[in-house]
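Next come the chains, spelled out residue by residue.
There are 6 protein chains.
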Amino acid sequence: MGRRPVTSGLSHVSPQGGARMVDVSGKNVTERTATAEAWVTVGPLIAGLLRESGSVAKGDVLGTARLAGILAAKRTSELIPMCHPLAIDLVELEAELEENRVRLVARVACDGKTGVEMEALTAAAIAALTVYDMVKSAGKEVEIGPVRLLEKTGGKSGHWRREGHAGG
Amino acid sequence: MGRRPVTSGLSHVSPQGGARMVDVSGKNVTERTATAEAWVTVGPLIAGLLRESGSVAKGDVLGTARLAGILAAKRTSELIPMCHPLAIDLVELEAELEENRVRLVARVACDGKTGVEMEALTAAAIAALTVYDMVKSAGKEVEIGPVRLLEKTGGKSGHWRREGHAGG
Amino acid sequence: MGRRPVTSGLSHVSPQGGARMVDVSGKNVTERTATAEAWVTVGPLIAGLLRESGSVAKGDVLGTARLAGILAAKRTSELIPMCHPLAIDLVELEAELEENRVRLVARVACDGKTGVEMEALTAAAIAALTVYDMVKSAGKEVEIGPVRLLEKTGGKSGHWRREGHAGG
Amino acid sequence: MGRRPVTSGLSHVSPQGGARMVDVSGKNVTERTATAEAWVTVGPLIAGLLRESGSVAKGDVLGTARLAGILAAKRTSELIPMCHPLAIDLVELEAELEENRVRLVARVACDGKTGVEMEALTAAAIAALTVYDMVKSAGKEVEIGPVRLLEKTGGKSGHWRREGHAGG
Amino acid sequence: MGRRPVTSGLSHVSPQGGARMVDVSGKNVTERTATAEAWVTVGPLIAGLLRESGSVAKGDVLGTARLAGILAAKRTSELIPMCHPLAIDLVELEAELEENRVRLVARVACDGKTGVEMEALTAAAIAALTVYDMVKSAGKEVEIGPVRLLEKTGGKSGHWRREGHAGG
Amino acid sequence: MGRRPVTSGLSHVSPQGGARMVDVSGKNVTERTATAEAWVTVGPLIAGLLRESGSVAKGDVLGTARLAGILAAKRTSELIPMCHPLAIDLVELEAELEENRVRLVARVACDGKTGVEMEALTAAAIAALTVYDMVKSAGKEVEIGPVRLLEKTGGKSGHWRREGHAGG
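Chains as they are written, first to last, in numbering that gives the first Met the number 0: chain C, 0 to 167; chain A, 0 to 167; chain W, 0 to 167; chain U, 0 to 167; chain S, 0 to 167; chain P, 0 to 167.
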């Protein structure tokens with residue numbers, strides 16, 4: 000293709016520099032899991048509104064976010080170009096208000112040939128964006144972050160856990 | 000519906016506590032813009048790999064992320080439950096490596112009845128997730144954040160800019 | 000095309016017998032609304048389980064159904080071949096348990112060139128299917144129906160209301 | 000999460016009352032089938048129009064409905080929040096005019112870890128909605144219903160058939 | 000971004016070389032149409048099978064292709080990265096067997112701020128791919144092409160017609 | 000269904016003339032590959048613009064086309080009615096300028112029960128449409144074609160290669 004060959008050290012960037020889906024044909028099907036979290040700093044005003052409305056209303060902001068995250072996990076391969084379509088076996092999404100922040104935690108499991116880290120991260124991120132959408136009328140300074148992987152199991156790299164994460 | 004009425008102070012939560020799409024029928028069509036950013040802390044090892052590969056390879060990690068963000072902006076109303084479908088007029092997405100972090104900035108414009116903040120945030124977030132996907136083979140500690148609105152114009156609340164953001 | 004010309008009396012079937020999207024270019028943009036309902040006969044066993052679990056659990060079966068209906072309204076033109084894409088302004092979806100049946104009511108509004116009856120019906124139907132999915136572990140005899148239009152306003156045919164429907 | 004634990008007797012409602020996808024990781028892959036039907040009561044006027052137009056035009060109303068149903072079966076996990084993505088092996092959809100009603104019957108097969116009842120029901124329901132869309136210019140009183148499962152095979156609950164359904 | 004500035008003479012390639020959606024905010028809404036065709040060279044064996052099966056079976060191969068094209072027109076902005084979402088007003092798709100080739104012609108109309116050439120081309124192309132899928136069991140040598148724009152109206156560039164195309 | 004039985008010799012057309020998804024339940028999972036190409040005749044003016052802009056800008060026209068093709072491969076079963084959903088293992092898409100034409104080549108691999116010819120053809124076709132979209136401001140006479148299968152492996156029909164294609 001006329002491009003100088005480049006060794007990139009990144010699996011999604013081919014030697015010629017082009018992007019590619021990692022070839023997983025022929026790989027073993029094993030059990031894969033991943034857990035990711037996303038935080039939304041809503042600030043004291045919005046946190047207060049969420050608490051004042053009682054568990055029902057809070058359930059609807061967080062409940063909507065949870066469903067949006069579960070649905071988004073199933074759409075990850077449509078949104079992230081080099082992701083493989085997967086037949087996901089499980090998506091769990093928890094949403095809780097902790098002081099002035101909302102914490103979303105997504106856990107995904109799949110018997111498959113490739114990991115589900117992107118499914119977990121995408122679920123948590125979209126859930127966080129949904130929280131933002133539900134509360135934005137009360138404040139645009141709301142921030143999302145961090146969004147990060149907490150733990151994964153299965154596959155060639157096996158078990159990995161972020162330092163400081165208790166697991167489970 | 001048997002639920003106690005609640006005043007929630009949040010536009011997306013109805014007086015009865017249920018979630019709802021804000022009714023924008025009858026509102027004026029005006030020009031709306033929004034700018035949002037997302038940061039990806041890739042760390043020195045991955046930043047080095049991106050720089051060593053030269054502009055072509057870096058272009059492919061960042062180029063893929065930019066396209067994923069542009070496509071995601073157009074799908075925001077499918078992902079965020081209470082968002083309205085919009086006929087977006089423009090999506091711009093910039094991606095740059097700054098030291099050990101990648102910065103994505105999305106700008107969206109629309110002649111419409113409702114703002115485009117969620118389109119800009121979703122574009123930036125999905126672009127960030129794509130960067131993560133492209134580099135994750137070299138490190139799972141990568142973190143996304145903050146993801147936040149920088150500026151918006153149009154509509155009832157008019158012009159808003161985050162403190163410290165130069166604009167443009 | 001070699002087919003005998005046929006006058007069909009149906010707007011979506013062209014004189015040659017082929018299916019087509021009704022041409023709405025050049026039509027006026029006016030306010031359109033539509034209300035539709037869907038019933039799910041869950042039977043006394045499941046109705047009891049829903050009531051015993053209290054408003055929180057019931058909220059999650061019905062809450063999930065409501066969100067699924069709202070999201071489906073926005074996807075109607077992808078599912079129903081001859082439907083036009085619309086920039087929907089509002090979707091409201093109510094879900095209530097009435098004796099041994101769940102009733103879903105969807106109301107859709109749009110400033111547009113064509114009606115929103117299919118959006119309301121699709122929202123109600125998908126919400127009903129979601130209720131079925133949530134309860135099916137306790138009984139496969141559950142039936143969905145009727146699913147029908149209750150009321151519509153706007154456009155050439157103006158206001159129509161099903162006999163016996165109080166409106167609102 | 001601060002909610003009182005609840006035993007709900009419903010597999011899609013977690014002990015805490017939250018909604019969840021049933022965890023099917025580790026389950027055996029077996030052959031699954033499901034058959035569902037949907038009826039559309041079009042009334043004598045529309046039934047007459049469908050018959051007068053001959054088999055070609057009727058084929059297009061029913062043919063469009065059949066294709067919409069087949070396509071919808073493949074999209075079930077996008078529409079029904081707690082449904083798992085499946086690699087469907089077969090979708091068959093029949094559509095016939097019986098007196099003043101249209102009958103749609105969908106049969107779905109899959110070698111998988113979970114049943115395909117929702118795929119069959121969704122296919123039948125969307126096909127019915129498509130019939131409604133094709134004929135609605137001639138009458139808004141058209142009703143859809145019942146939509147219900149007729150038969151299923153495979154999985155833990157094995158073979159189930161609705162009373163009065165001949166099978167096949 | 001560290002790239003040398005480049006004047007590209009192409010509207011979708013920004014001065015810095017990056018891809019971008021053309022900014023159509025503020026442009027006038029006018030009537031836009033486009034007509035495109037796609038040919039499928041099926042060869043004499045398959046053409047004979049299509050004719051022998053009579054108009055019903057042929058109608059199903061061509062009928063399926065027509066519906067797939069109409070649905071694809073509505074999804075163009077999801078598939079073509081720099082395309083704008085549009086509220087399409089009309090899609091017409093004709094499919095005919097001409098000797099050993101199938102000809103698909105798509106016509107799209109929209110009151111909008113940007114042209115509908117991509118919608119027409121995508122409709123014709125997906126219809127052609129569908130014909131291929133329906134007949135491929137009888138021959139893999141089938142070729143698609145040409146796929147090309149025949150005519151367009153509206154917008155800044157006004158009326159354009161391919162030489163040799165009669166129009167209409 | 001009242002239609003005369005017809006033997007059509009085409010697997011996707013049922014004996015009664017109706018369209019159907021081929022039943023692949025119970026078939027063996029084997030490795031499947033397919034390679035397809037699509038050509039875009041851009042003409043000397045546009046080819047010159049692409050060359051003058053240097054590899055960076057050319058990379059963006061072709062880079063955008065490549066990503067669009069990879070994403071489209073994953074969506075084939077949504078676009079082509081009788082296609083089965085597949086868990087694709089690999090999509091590679093090459094894009095090169097050859098004189099006055101752009102050549103796109105897509106290769107798809109999957110461990111599955113059915114071939115991936117449609118995935119490869121769809122990827123190549125959508126990539127070609129994307130090239131057209133990126134260059135159309137400089138010329139509407141651009142033509143796409145041929146789009147055709149070059150090679151396939153696996154499944155009942157085993158290895159097939161188009162005459163004149165070197166393979167690989």
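Please keep in mind that the hints were generated in silico from the structure rather than gathered at the bench.
There could be a bad hint or two in this list.
Claimed, not checked - With a Cα cut of at most 30 Å, we get these calculated DSS-like pairs of lysine-lysine:
{"id": "1", "chain 1": "C", "residue 1": "K112", "chain 2": "A", "residue 2": "K139"}
{"id": "2", "chain 1": "C", "residue 1": "K26", "chain 2": "C", "residue 2": "K139"}
{"id": "3", "chain 1": "W", "residue 1": "K112", "chain 2": "U", "residue 2": "K139"}
As the list claims (entries may be wrong) - Ranges of calculated distance between the beta carbons of each label pair, as one might list FRET restraints:
{"id": "4", "chain 1": "P", "residue 1": "P145", "chain 2": "W", "residue 2": "H158", "range": "34 to 42 Å"}
{"id": "5", "chain 1": "P", "residue 1": "L44", "chain 2": "S", "residue 2": "R102", "range": "27 to 35 Å"}
{"id": "6", "chain 1": "S", "residue 1": "V28", "chain 2": "U", "residue 2": "N99", "range": "54 to 62 Å"}
We put the CB at the ideal spot given by N, CA and C, even for glycine.
To see whether the hints hold, each was checked on the structure:
For a cut-off of 30 Å, the pair hint linking K112 (chain C) to K139 (chain A) stands: about 18 Å separates their Cα positions. A hinted pair counts as satisfied when its Cα atoms are at most 30 Å apart, and K26 (chain C) with K139 (chain C) does not qualify at roughly 46 Å. Between K112 (chain W) and K139 (chain U) the CA atoms are separated by roughly 18 Å; this keeps the pair inside 30 Å, and the hint holds. Range check, P145 (chain P) to H158 (chain W): Cβ separation about 54 Å, and the 34 to 42 Å hint is violated.
The hinted window of 27 to 35 Å between L44 (chain P) and R102 (chain S) holds, with their beta carbons roughly 28 Å apart. Checking the proposed 54 to 62 Å range against V28 (chain S) and N99 (chain U) shows it is violated: the Cβ atoms sit about 43 Å from each other.
Of the numbered hints listed earlier, those contradicted by the structure are 2, 4, 6.
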